[in-house]
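Let the hints inform the model, and build the full structure from the sequences given.
As they're listed, the protein sequences go chains Y and A. Take the first sequence: its letters are residues 1 to 115, numbered as in the numbering used here. Take the second sequence: its letters are residues 116 to 227, numbered as in the numbering used here.
Bear in mind the hints are in silico, worked out from the structure with no lab data behind them. Fair warning: this is a prediction, and the values are worked out from it, not measured in the lab. Do not take every clue at face value.
[Stated by the list, open to error] Derived pair list, reagent style DSS-like, types lysine-lysine, alpha-carbon separation capped at 27 Å:
{"id": "1", "chain 1": "Y", "residue 1": "LYS11", "chain 2": "A", "residue 2": "LYS152"}
{"id": "2", "chain 1": "A", "residue 1": "LYS214", "chain 2": "A", "residue 2": "LYS118"}
{"id": "3", "chain 1": "A", "residue 1": "LYS152", "chain 2": "A", "residue 2": "LYS118"}
{"id": "4", "chain 1": "Y", "residue 1": "LYS57", "chain 2": "A", "residue 2": "LYS172"}
{"id": "5", "chain 1": "A", "residue 1": "LYS184", "chain 2": "A", "residue 2": "LYS157"}
{"id": "6", "chain 1": "A", "residue 1": "LYS118", "chain 2": "A", "residue 2": "LYS183"}
{"id": "7", "chain 1": "A", "residue 1": "LYS172", "chain 2": "A", "residue 2": "LYS184"}
{"id": "8", "chain 1": "A", "residue 1": "LYS157", "chain 2": "Y", "residue 2": "LYS11"}
{"id": "9", "chain 1": "Y", "residue 1": "LYS65", "chain 2": "A", "residue 2": "LYS157"}
{"id": "10", "chain 1": "A", "residue 1": "LYS118", "chain 2": "Y", "residue 2": "LYS57"}
{"id": "11", "chain 1": "A", "residue 1": "LYS172", "chain 2": "A", "residue 2": "LYS186"}
{"id": "12", "chain 1": "A", "residue 1": "LYS186", "chain 2": "Y", "residue 2": "LYS57"}
{"id": "13", "chain 1": "Y", "residue 1": "LYS65", "chain 2": "Y", "residue 2": "LYS11"}
{"id": "14", "chain 1": "A", "residue 1": "LYS214", "chain 2": "Y", "residue 2": "LYS65"}
{"id": "15", "chain 1": "Y", "residue 1": "LYS65", "chain 2": "A", "residue 2": "LYS118"}
{"id": "16", "chain 1": "Y", "residue 1": "LYS57", "chain 2": "A", "residue 2": "LYS152"}
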Amino acid sequence: EAAVTQSPRSKVAVTGGKVTLSCHQTNNHDYMYWYRQDTGHGLRLIHYSYVADSTEKGDIPDGYKASRPSQENFSLILELASLSQTAVYFCASSPGLGGVAETLYFGSGTRLTVL
Amino acid sequence: GEKVEQHESTLSVREGDSAVINCTYTDTASSYFPWYKQEAGKSLHFVIDIRSNVDRKQSQRLIVLLDKKAKRFSLHITATQPEDSAIYFCAATYTNAYKVIFGKGTHLHVLP
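What follows is the structure in structure tokens.
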């Protein structure tokens with residue numbers, strides 16, 4: 001069974017503070033993703049990566065940075081947290097096949113509240 | 116831009132009836148169309164997918180149809196059961212096939 005572990009499970013941050021969300025996968029997958037979920041918006045792609053030491057911008061990258069220091073680890077960094085970044089964040093990994101993303105395996109999510 | 120539109124935000128059906136959720140996509144190069152289920156308070160998990168080289172796929176009570184001309188795909192859940200109640204998300208890969216874009220989700224309620 002594919003395993004994607006996110007930490008922390010929940011976090012309360014102050015406006016203007018720095019927040020780091022971590023994701024670790026033991027699937028040996030090449031592709032990793034960060035999505036945020038908001039009511040009425042579904043899942044929106046923030047950043048993704050298809051190889052270690054490289055990240056790509058998704059559809060809503062503003063205010064977020066990503067880091068992929070190894071195949072297993074993918075972090076999402078909010079340098080200056082804002083109220084609008086209150087959401088549930090999901091990390092996912094995918095094996096990819098011939099350069100196409102395959103099934104995504106999701107972590108359990110991080111509920112971030114910015115006050 | 117790249118989009119996946121999920122047409123029903125909420126769907127209610129009687130137990131035992133069929134449910135149909137429809138999605139459309141914008142990129143003709145899309146090649147992979149997965150569906151995910153999210154039960155209340157939980158994460159998402161994969162339920163079924165279809166690739167652009169076929170137009171129908173079935174897995175037990177789940178059927179996915181793909182109409183490439185109309186750029187439309189749909190999830191059919193037959194003989195619905197209470198445990199089918201959840202949010203269902205459609206998704207698609209795009210020309211950049213690493214990128215997976217999701218619809219906004221359909222909240223399915225299976226009523227007794």
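ask   = In ascending order, which of the hints set out earlier in this document are inconsistent with the structure?
value = 4, 5
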